[in-house]
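Below are the chains, spelled out letter by letter.
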Amino acid sequence: MGVIATLLPTTAHLQRLRTAIRDRHQVVACDDWRELLTVCERQPVRLAVVDLFAGDKANFERVRHLKQRLPRLTLIAYVTFSAERAHDFFDAGRQGMDGLVIADQDDSPRALLALVEHAESKSLGAVVRRSLDDIQPTIRDAVLLSVTRAHERLSPEGLARLLALPRRTVSQHLADAGFPAPQRLLTWGRLIVAAHLLEDKHRSADRIAAALDFPSGSAFRNTCQRYLHATPNEIRARGGAAYAIQAMLNQTSTGQHATPARRPGRRALSLAV
Amino acid sequence: MAMSERDAITVGEAAEQAGNYLDASAAYSAALTDDDESVVADAQFHLGRVSWRQGRYDDAVSHYEAARQIAMRRDDDELRARVENGIGAVHHGRGAYAQSRASYGVALDLAKDETQRGRILLNLGAVANIEGDFESARAHYTKSRAVFQRTGHKRGEASALNNLGMLNADEGRWVDADDAYRRCLELLESLKDRHGVASVLLNRSELDCARGESTAAIASCDLALSIYTDVGDDAGRAEALRWRGHALQQLARFAEAERALTDALRIAKRLQIDPLEAEITQDLAEAAAQRAQADHGE
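Residue numbers (the numbering used here), protein chains in the order written: chain A, -17 to 255; chain B, 10 to 307.
In short, the hints are calculated from the structure, not lab data.
Treat the hints with care, as some may be off.
Unchecked claim - Just the calculated beta-carbon pair ranges, DEER-fashion: (1) Glu140(B) - Thr1(A): 43 to 51 Å; (2) Ala107(B) - Asp86(A): 34 to 42 Å; (3) Gln26(B) - Asp14(A): 36 to 44 Å; (4) Arg182(B) - Asp13(A): 52 to 60 Å; (5) Ala219(B) - Gly37(A): 54 to 62 Å.
As the structure is a computational prediction, the values presented were derived from the model and not from experiment.
Every residue gets a Cβ at the ideal spot worked out from N, C-alpha and C, and that includes glycine.
Only chain A is shown next, with the shape it has when bound in the complex (with noise of 0.2 Å):
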């Protein structure tokens, strides 16, 4: 993910935070909106921790604008909970929030890291989705869990189960779709979430393989010789996991995804201004 944004005044709030992801991620802490709202639009920003009621009084104005002007920003809130903050809370929800912290109760170091990991994967989960708009919704979200639950190692029977459908089943979708069976499609998704963690430069291939459960370095890097035909840092190069997902995609044998949409999205079509 690279860089988290936060808006805490609350020292201690702050402090846990940065405990619970040490150097996995770079924090830069704001003092109000107006700065966090800077941050995120000049650094590659895609998650933001905030305290709502910064300021005293819950901001859902700011919130609404933070989401307006980057609507790919995963906003999670860390608050501490009073009785009188119950209807902010509810609203909270209705303005969009991913996610909520409750100080002393889900701010544990081990709890915090859950919850930026599962932000991360959210957001690639969002790009996976984009990617298979016009896929059948068994197969999309097979796929998306091979995502989401890289880090499980899940089996066949596990994904089936999680689709509440037959192994066989799953299969015969898959190949009737033209995608990977289910044990290659569970290698395409800890490759697609390797290769976004491959996006951060700072994280190097045995890291990597270490998290997603890889027998080895050599062992990942292997696998990803033959599914991707490139290095890590090839695949770094490439751009990570937009780069892995479009390789998959490519070799579904129904090739139904290999026609790229050649028309440029912004330079060609001509706007006025």
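Chain A is already provided as a structure; the job is to place chain B on it using the hints.
Below, chain B without anything else, positioned relative to chain A:
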């Protein structure tokens, strides 16, 4: 004093139209010191626009915000419409199409000036085009072209023609596409708009690629690349490199293609242009797969 700073904006516009963005920025910046707040707001808007043209989106947003603040204070709806339209274009550049449509919607509500409404219609057409709603895109482009013809706004008409050319290309109507691009290039050359010429050249290279004329496509990309380098448009360079890579790939020159695409990807990442980054990674994946296939075949 105020007069000379107003003039600075006119000088900046001339430089901007000629594709000299650095000179344009310098001229617009000079107008920021004017005592008249409306001149400052206009300068901020122009700085936003030139930053957007250079792919410096964060800077563009800052300038637009400054212009918007003044416009709100002065109750100047026309300026607000221009700013909202500009912000919409920044969202568009970043691939946030729902956001860009929302901004254009606000702009259309505020704008009374006919040419300005033509601009917004054109931009709404571009969003529809990208989202695959070709019918709506054609309707918007046709309306905006009619507006621009009525008001004698050649640049706007060229933009509408460019987009109609792309729409025709999307629908496989190659002759219509070629005709629209030809008319568009004539208008842009008469306006001496180098940046616009580079952009249309890239679109024509798409047409060349689709017709299998890869060598012609590479020549168009090289010309566009030299213009973008000259005017300091990094996003344009990334786009030109991407198309160059695509044409090279068609000629089975995979190593050169990957080099061009990797350079393009580096620029797209640096500028945080998500759609372009995604498209280039897709091209890279394809190039790598084709190279592997070719190596395997040998």
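Here is how each hint holds up against the structure:
{"no.": "1", "hint": "Glu140(B) - Thr1(A): 43 to 51 Å", "verdict": "44 Å, holds"}
{"no.": "2", "hint": "Ala107(B) - Asp86(A): 34 to 42 Å", "verdict": "38 Å, holds"}
{"no.": "3", "hint": "Gln26(B) - Asp14(A): 36 to 44 Å", "verdict": "40 Å, holds"}
{"no.": "4", "hint": "Arg182(B) - Asp13(A): 52 to 60 Å", "verdict": "56 Å, holds"}
{"no.": "5", "hint": "Ala219(B) - Gly37(A): 54 to 62 Å", "verdict": "56 Å, holds"}
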